[in-house]
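So the sequence lines, in the order shown, correspond to chains A and B. Reading the first sequence from the start, the letters are residues 1 to 237 in UniProt numbering. Reading the second sequence from the start, the letters are residues 1 to 461 in UniProt numbering.
For the record, the hints were derived by calculation from the structure and aren't laboratory data. Where is the CB? At the ideal position from N, CA and C, for every residue including glycine. Some hints here could point you the wrong way.
Chain B stretches covered by chain A per the calculated footprint, using a threshold of three residues with CB under 8 Å from any CB of chain A [claimed, not checked]:
id, region
1, 78 to 84
2, 122 to 129
3, 247 to 253
4, 287 to 296
5, 309 to 318
6, 374 to 384
Derived DEER-like restraints, expressed as beta-carbon distance ranges [unchecked claim]:
id, chain 1, residue 1, chain 2, residue 2, range
7, A, Arg161, B, Ala308, 20 to 26 Å
8, B, Leu106, A, Ala82, 44 to 50 Å
9, A, Ala155, B, Lys284, 44 to 50 Å
10, B, Ile173, A, Thr221, 36 to 42 Å
11, B, Tyr426, A, Leu213, 35 to 41 Å
12, B, Lys284, A, Val135, 29 to 35 Å
13, B, Arg112, A, Leu213, 43 to 49 Å
14, A, Glu219, B, Thr382, 22 to 28 Å
15, A, Met147, B, Lys284, 40 to 46 Å
16, A, Asn207, B, Val389, 31 to 37 Å
17, A, Ala155, B, Thr131, 36 to 42 Å
18, B, Ile173, A, Asp218, 40 to 46 Å
Under the rule of at most 25 Å between Cα atoms (straight-line distance), these lysine-lysine pairs were calculated in the DSS-like manner [stated by the list, open to error]:
id, chain 1, residue 1, chain 2, residue 2
19, B, Lys439, B, Lys395
20, A, Lys97, A, Lys148
21, B, Lys239, A, Lys83
22, B, Lys395, A, Lys214
23, B, Lys280, A, Lys215
24, B, Lys239, A, Lys88
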Amino acid sequence: MTSSMAFFSSTTPTNLPSFSPSSKTHFPINPLLSLKPQRQVFGSVRATENGSGAAVVVEEKKDSTEEGNGAPVKADVAELGAKFEDPKWVSGTWDLKQFQKDGATDWDAVIDAEVKRRKWLEDNPESSNNDFPVVFDTSIIPWWAWMKRFHLPEAELLNGRAAMVGFFMAYFVDSLTGVGLVDQMGNFFCKTLLFVAVAGVLLIRKNEDIDNLKKLIDETTFYDKQWQATWQDEKKE
Amino acid sequence: MASITLKSFIGLRQSSLENHHSTITLPSKPLQYLRHNIIASKSSPKITGRNLRVAVIGGGPAGGAAAETLAKGGIETILIERKMDNAKPCGGAIPLCMVGEFDLPLDIIDRRVTKMKMISPSNVAVDIGRTLKPHEYIGMVRREVLDAYLRDRARDAGATIVNGLFVKMDKPIDKYAPYVVHYNAYDGKAGSTGTKMTMEVDAIIGADGANSRVAKSIDAGDYEYAIAFQERIKIPDDKMVYYENLAEMYVGDDVSPDFYGWVFPKCDHVAVGTGTVTHKPDIKKFQLATRLRARDKIQGGKIIRVEAHPIPEHPRPRRLSNRVALVGDAAGYVTKCSGEGIYFAAKSGRMCAEAIVAGSENGTRMVDESDLRNYLQKWDKTYWPTYKVLDILQKVFYRSNPAREAFVEMCADEYVQKMTFDSYLYKTVVPGNPLDDLKLAVNTIGSLVRANALRNEMAKI
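The shape of chain B in the complex, shown without the other chains (with noise of 0.2 Å):
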């Protein structure tokens, strides 16, 4: 059983316990604190003479959100982006609802997984997808091609796109200075340090990434992150038929000891990865036990690129600082258990975005601390409860390998298939029938007390 070593938790403050047990009743705090603050916006000054300036660092999919609401909302936005053509590692998988959010052309989506195998430890293979209506699919994408297209998207509603690194940024000297952002501008010239430049804005939303700088500017702390490993593979045809819209997915001490092994179909290879928190040294043995697993199904393929990525556990301690706020995987909005990061990237950005222009009734009026506190606040209040749901599910079941093989085992109930695809698919946790949740809650103690009961057998072996 995965061994949980839990650091003491409590941010950055060195608060002492009577804070810790006042966090818990947050609900009703940060809205007596809201109600103040709103007043304290409203007599923020007039711009005169221009409008509101915000950077955003990171054209990812939450930079690129970001930057088009913000352009919309008749904000005068840069975004500042390091590598135009970054093909970043990922898995690549959107839910449904996020092509309808953000309007994203289907000749975006290379693939759609309309099935899904869960393979447990001891290779019992389920199939779920039965209950997707015809419409319903996940999509696959190439992040250079989603990353590229919301940028261009931003860059046609008005916002200026700078390729240059982000280096550092001078806080303000007083309440309403602006801030001094310094980068590197590279103007598409492959290889060079680029030419140091600065510029004055008034705000800033963070979206580059998990190893983001903006975060340590504002020193929002760090987080746990586990290592995604992932090896393109690319198969031969016959092999390829079979996942032409099939992602798996492999769970087992084998191969990972708090994650799990895919196999996602890309455009025309598959990606065979793993990830792991507390085992970071061992990915490679992790990855050889992936590909052993698919063994059969990847044979004769050849790996055309190896790639990893950190992917964060959860979110900074800090997630805002001022005028200066983080979103995407800068802020840490992975889920767990699934490891999604791509749509509450996009989402986070467009919501901070939104929080910016009614803040600065578009564009004409300051911004402070407060309205980007209402995105934090909408943020938390929407999408908690997924993320929390989600962290319910990996602790239990990513455990040990009896909690995994009672896993795949209720991923064979039809009830349990549609309410993790209408959860997934459209991002609301959906409460379902009471009868039927019961009858799960039921099934599902069957499972992890028969698996238990078999492991506990295996031991005396």
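Pulled out of the complex, with its shape left as it was, chain A reads as follows (with noise of 0.2 Å):
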């Protein structure tokens, strides 16, 4: 046990990078917990701790032959095919059960247990097996695990941009005209510009943002142009 919490605490956020590579190739359960974020660590420590003894205990084996090999056992990796493996990836979709929190399932943690899943695969792509299928679908998450998750911090920072804006803008306005806010809301051009404002925030946040709504623009008319193409040599006759 001291020297797993040993093995975590040499894993801190600064040899994250470096340490990644090589375990993601042999220890299909490291990336899950050497990848999490340091105070979340001494968390998951105490999870496998009071799961499966078992994990902890194989992975100070590899432990210490992972050390030994270098780079020349990552070649033949596609060989051993590595595959995911999780204890809570049972017949191909997470195992609810397992991610109780307090009574109640921890959403936070499907989505995360997840995401690496999909990294993982994205980085190592596996054969599909007919004997072991997948069959997770993301819609068992609940609507609202994804908003608090996903569309809360987001709503927060942009509606927070809208208010900053709108309050400068509206002091902007009455110091220059002397029009006060109830006032300002009553004009139409004020209208205007708050719409304009309103759908600058939501549609551009970042310099990107400009150039991709052009291209979607473009893009959705290019296909049509190309077909059309034909014609324009009767226009021209």
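Got two chains here, each in a separate frame; can you build the complex from them with the hints?
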């Protein structure tokens, strides 16, 4: 147990970038534990201690062999066929019973687990097997879990931006024209500016978004132009 | 995410911006012109002493269908094909409606695919085909069998089949003068360069495929094309049972950045392949990845043939010039998303031939460009929705791995399966129930949002 604690304390975030490539190739379980941010590391250690002590033991053994070998072992990963394995991944889907926290399912942990699985598979594509079909569907995670995790932080950010822009624009217009906030809302021009400001905050989050939007608009009509090219000749004739 | 660099597409004319805006209001414009042109063709001269002569260059599905329809319409038809026993590299899938529309005998079809499996980048596998009725299937054919059958039927209808290679054509010197077609006649002798021959015809249908010479002769312009690479693998019998009537589609960045990898069952082996438009030099890498993803199911298989072919991505800028029209792959009638071309080749060949038969009043009058434009107009009107929908599907769902994950998730839905198969098998875009469509739209957006959210998390690792 103490050696496993030492193992984890050695994999502080400063080591993570160098540690991850070799760890991924050998120990499917490792990425899940070593790649978590440090504050969660001790939490996960506790989890494995409570759960399967066997998992920790296995890691220690593999730990020593991993340190011995360096780059050469990476070469025969393809033959080894390092598959994605995780105790919580049962019969081609995440076993929700293993994600219980305080009696309810910890959806954040499910999302984290799926993220790691996809990242693993992107870097190490696997053969699809009929005997072990993957049937996981992201829609089993309820909509409010997605909202809480992804939408709310971004909504907070955007609303904050909108509020800041709004406050200073209202002050600026008031100082220039003397028209107060309530009277500004009644003016058509101000309403238009407000609409533009809200749309701008929603659509343009980074500088690249402006180009992306232009490209998207071009894309939607590109195929049409290709089909209609043959009719352009007729117009000229 | 695949970055899409768009070359400015202005066809062949260096047109100004005004023309661009005018083309967007397309549906009304050609009709205006057509009204003038219909009058013009009625005044084209009657041919005395002989029937209209039409050369069909290329003897694939498009050429065979065109030649048969022309011959049945009483037109003197000559079909030129360079390789009579050509086993064209091809997926070989034909929709159910083709069997009915072209009266194909059922023994041409090697296999009836009634189930498909879509496999996402993270190996989520979804079976589709539950909604198929017992008589519905996707037919898998061998191109050499299908092409030969259509050519033979054209010959039986009265067309002359010539084994030769089209070299070039001489444009007519005045309005109703004939085209002179130069070709090398092989006459069944393999390996020879053939004897140079010429023939005079009044109209030409270019059905000579993706690398069409006819298209080059009329300056039809180029198209973007995908490279489809395929290995035919003979797998052990017990593994073949799984592919009895099932085809697989693998999606993922490893398999193809803008297309999909496939395992299609053929007569006694499977075809494993993939394709790409934007990353052609990496095609071998994609093929290895496809074989890896299917590895457990094709283990122990032997590669019996390796083949590749270009597949057009969109129609050529000019599909018709004076009395020469392009059909099939030569015109670029391959759908996006699925890469389907056989049915559209045959149908366009038939449609073009029908337009010539009608415009020439069964071979008694000369045809001119307006008659051939009728074919283009009918084609665009009938199939534009199908092409556009598939284009949208490709743009939305083949963009990136999250989009592909969402795609596979959506395919699990019964409504999606029903709509997909209905539109694939019968080639009509069915509107469907608006309430279900709304639910589908909401679910699609949900899937896309979830998959993209997961991918953003992946980027943080």
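How the hints compare with the structure:
1. 78 to 84: Our answer is that it is violated, as 0 residues pass the Cβ test (under 8 Å) against chain A, missing three.
2. 122 to 129: holds (count 4)
3. 247 to 253: holds (count 3)
4. 287 to 296: Since three or more residues must qualify, the claim that chain A covers the region 287 to 296 of chain B holds, with 6 doing so at under 8 Å.
5. 309 to 318: Per the Cβ count (5), the hint holds.
6. 374 to 384: With 3 residues in contact (Cβ-Cβ under 8 Å with chain A), the coverage given for the region 374 to 384 of chain B holds.
7. A:Arg161 - B:Ala308: 20 to 26 Å: violated, 51 Å
8. B:Leu106 - A:Ala82: 44 to 50 Å: holds, 47 Å
9. A:Ala155 - B:Lys284: 44 to 50 Å: This hint holds: roughly 46 Å between Cβ atoms.
10. B:Ile173 - A:Thr221: 36 to 42 Å: holds, 40 Å
11. B:Tyr426 - A:Leu213: 35 to 41 Å: holds, 37 Å
12. B:Lys284 - A:Val135: 29 to 35 Å: The hinted range 29 to 35 Å holds for Lys284 (chain B) and Val135 (chain A), with Cβ atoms some 32 Å apart.
13. B:Arg112 - A:Leu213: 43 to 49 Å: Given range 43 to 49 Å: holds, Cβ gap about 46 Å.
14. A:Glu219 - B:Thr382: 22 to 28 Å: Since the Cβ atoms of Glu219 (chain A) and Thr382 (chain B) sit about 25 Å apart, the hinted range of 22 to 28 Å holds.
15. A:Met147 - B:Lys284: 40 to 46 Å: holds, 44 Å
16. A:Asn207 - B:Val389: 31 to 37 Å: holds, 33 Å
17. A:Ala155 - B:Thr131: 36 to 42 Å: holds, 39 Å
18. B:Ile173 - A:Asp218: 40 to 46 Å: Cβ of Ile173 (chain B) to Cβ of Asp218 (chain A): about 43 Å, so the range 40 to 46 Å holds.
19. B:Lys439 - B:Lys395: Within the cut-off at roughly 21 Å; holds.
20. A:Lys97 - A:Lys148: Given pair Lys97 (chain A), Lys148 (chain A) holds - Cα atoms ~21 Å apart, limit 25 Å.
21. B:Lys239 - A:Lys83: OK: Lys239 (chain B) and Lys83 (chain A) at ~22 Å, within 25 Å.
22. B:Lys395 - A:Lys214: holds, 15 Å
23. B:Lys280 - A:Lys215: OK: Lys280 (chain B) and Lys215 (chain A) at ~23 Å, within 25 Å.
24. B:Lys239 - A:Lys88: violated, 30 Å
Going through the hint list in order, the structure does not satisfy hints 1, 7 and 24.
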